[in-house]
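Q: Same order as they appear, the protein sequences are chains F and E.
Mapping of the first sequence onto the working numbering: position 86 corresponds to residue 86, and the numbering continues sequentially without gaps.
Mapping of the second sequence onto the working numbering: position 76 corresponds to residue 76, and the numbering continues sequentially without gaps.
If you're looking for bench data, these hints aren't it; they were derived computationally from the structure.
Just so it is clear, CB atoms sit at the ideal spot from N, CA and C, and this is done for glycine as well.
Keep in mind that a hint or two might mislead.
In silico SDA-like cross-links for lysine to any residue, where the CA-CA straight-line distance does not exceed 20 angstroms [what the hints assert, rightly or not]: (1) K23/E / K113/F; (2) K66/E / D221/F; (3) K30/E / G5/E; (4) K20/E / L61/F; (5) K20/E / G40/F; (6) K113/F / G86/F.
Residues of chain F placed beyond 12 angstroms of chain E at every Cβ, according to the derived structure [what the hints assert, rightly or not]: (7) R49; (8) S68; (9) D92; (10) T119; (11) T233; (12) K272; (13) E333.
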Amino acid sequence: MEKKIIYFDNAATSYPKPEEVAQAMVHFSREIGASPGRSGHRLAIEAGRVVFEAREKISQLFGVKDSSRVVFGLNATEGINQGLQGLLRPGDHVITSSMEHNSVMRPLRAMEKEGLEVTVLPCTTEGLLDPLDVRKASRKNTKMVVLNHASNVVGTLQPLAEIGKVCRRQGVLFFVDAAQSAGAVPIDMEREMIDLLAFTGHKALFGPQGTGGLILGERVDEKDLVPMKRGGTGSRSEMEEQPDFLPDLCESGTPNTVGLAGLLAGLDFVLKEGVERIQEHERGLTDRLLRGLLETPGVAVYGLRDARKQLATVSFNLQGVAPSEVGLRLDEEYGILCRVGLHCSPSSHRTLGTFPEGTVRFSMSYLNRPAEMDRALQAVGELARKEA
Amino acid sequence: MMPMGVILFPSVHFALRAEKLVKAKGISHKLIPVPRHLSSDCGVCLRIPWEKREEVLGFLAQAGVKVDSSHPLPER
């Protein structure tokens, strides 16, 4: 008998999406279709409205006053690269943590070879960064602190507001990678003193893949920002130079408008449900899973193991069984789809003590149900007993 | 017919923000392609009754909407 699948890979990309998301993309493809910001005919204007409304909703969600400072791109990685490569120069110093995803680590390591000074602050074995360490690591030439808000491996949430305060006091830019947390945890750029926020559209914002971007706070001077690409923007067409204003400065070429139509529907869904309610539901799922796993003999659980201090992302291992083997059996025997291994974050696994084998990761979304947690716990329990 | 005019913006983002604001104020308006005699830009501009110019420019400035210029349109 074919069992209904359980999708626990929402930290990679959320699935399923709310029905409205697919509907909005079909509607755009059938009824609008035109290129936004190019041409002045009604469909081009309608396409422009889709992109504009998505910008406005992103601003509403993260407490941004001026939506022209929301720059869309393919994903969080593109936003992170734009923020790092666009602002940091050889001789600058940047501070980051040992819990970063490779989307931050790889650009920094490449820029380090060109003369950027990089400090990677160690986190606790639960993945927490001490704000005091940030202050101690600051130097005269420190330009930026870049930090993963929530670990994609164990869900650990960093104390953003405290670190934001330290950054503001030291006069450095605070750049937050919210790939995992945007939509799942309330974030207010002003309250948390965030200067740059990279987000992805296809995880907790429920948009399709190929949507994401970067928000530039008011302390970021766009005159210092080098765009990663240049080209047609639909504006200032008489000029052969890139426009110097946002968002056009960083948005060249026809965007993924059909994707942004889907993202807009995803944002409407998140705003309608409410981030607080989403967080509460996910905490319930996480708590249920954590309690069950911690009671299962032969299972090691990593991270804070506290649903109130982490996202709905849980990493564990079965004693004596490789994560890849667990993942395969969960898929084949139980229809549970998860991600195993290093999750694009070798540094996190070194911090947690799970390098190089990695872990089994269950990552849930608002659309998972408590009954799925119970079925998953039963499956893990059976596998652990078989291996004991 | 009532004399009309257009407001030009540095980018479509601001034109769309302006549209939202004039709509909320109940002022008749339309986003149209920028007339060739005003600019070679390929974008859109906001057409409004020319008598509303001062009022519209006032609240756009207040809302932080960047405006390039405004022009009366020749009567048709």
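Q: Is the Cβ of T233/F more than 12 angstroms away from each Cβ in chain E?
A: Given that some Cβ of chain E is not farther than 12 angstroms from that of T233/F, nearest at about 7 angstroms, it is violated.
Q: Find the nearest Cβ of chain E to the Cβ of S68/F and say whether that gap is larger than 12 angstroms.
A: At roughly 5 angstroms from the nearest Cβ of chain E, S68/F sits no farther out than 12 angstroms, so the non-interface label is violated.
Q: Can the restraint linking K66/E and D221/F be considered satisfied, given a maximum Cα separation of 20 angstroms?
A: holds (17 angstroms)
Q: Does K272/F sit more than 12 angstroms from chain E, CB to CB?
A: For K272/F, whose nearest Cβ neighbour in chain E is about 20 angstroms away, the distance exceeds 12 angstroms, so it holds.
Q: K23/E and K113/F: Cα distance at most 20 angstroms?
A: Violated - the C-alpha atoms of K113/F and K23/E are around 52 angstroms apart, more than 20 angstroms.
Q: Does K30/E pair with G5/E here, judged by a C-alpha cut-off of 20 angstroms?
A: Answer holds: K30/E to G5/E is near 11 angstroms, not above 20 angstroms.
Q: Could you let me know if the closest chain E CB is still more than 12 angstroms away from the CB of T119/F?
A: Non-interface label stands for T119/F: nearest chain E Cβ at 37 angstroms, farther than 12 angstroms.
Q: Verify this label for me: R49/F is non-interface relative to chain E, using a Cβ-Cβ cutoff of 12 angstroms.
A: It is violated; R49/F is separated from chain E by about 6 angstroms at its closest Cβ, not greater than 12 angstroms.
Q: Mind verifying the non-interface call on E333/F? Its CB should be farther than 12 angstroms from each CB in chain E.
A: holds (52 angstroms)
Q: Check the hint pairing K113/F with G86/F against an upper bound of 20 angstroms on the C-alpha distance.
A: holds (16 angstroms)
Q: Quick one, are K20/E and L61/F close enough, alpha carbons at most 20 angstroms?
A: holds (19 angstroms)
Q: Is K20/E close enough to G40/F, meaning Cα to Cα at most 20 angstroms?
A: holds (17 angstroms)
Consistency note: the structure conflicts with the earlier hints numbered 1, 7, 8, 11.
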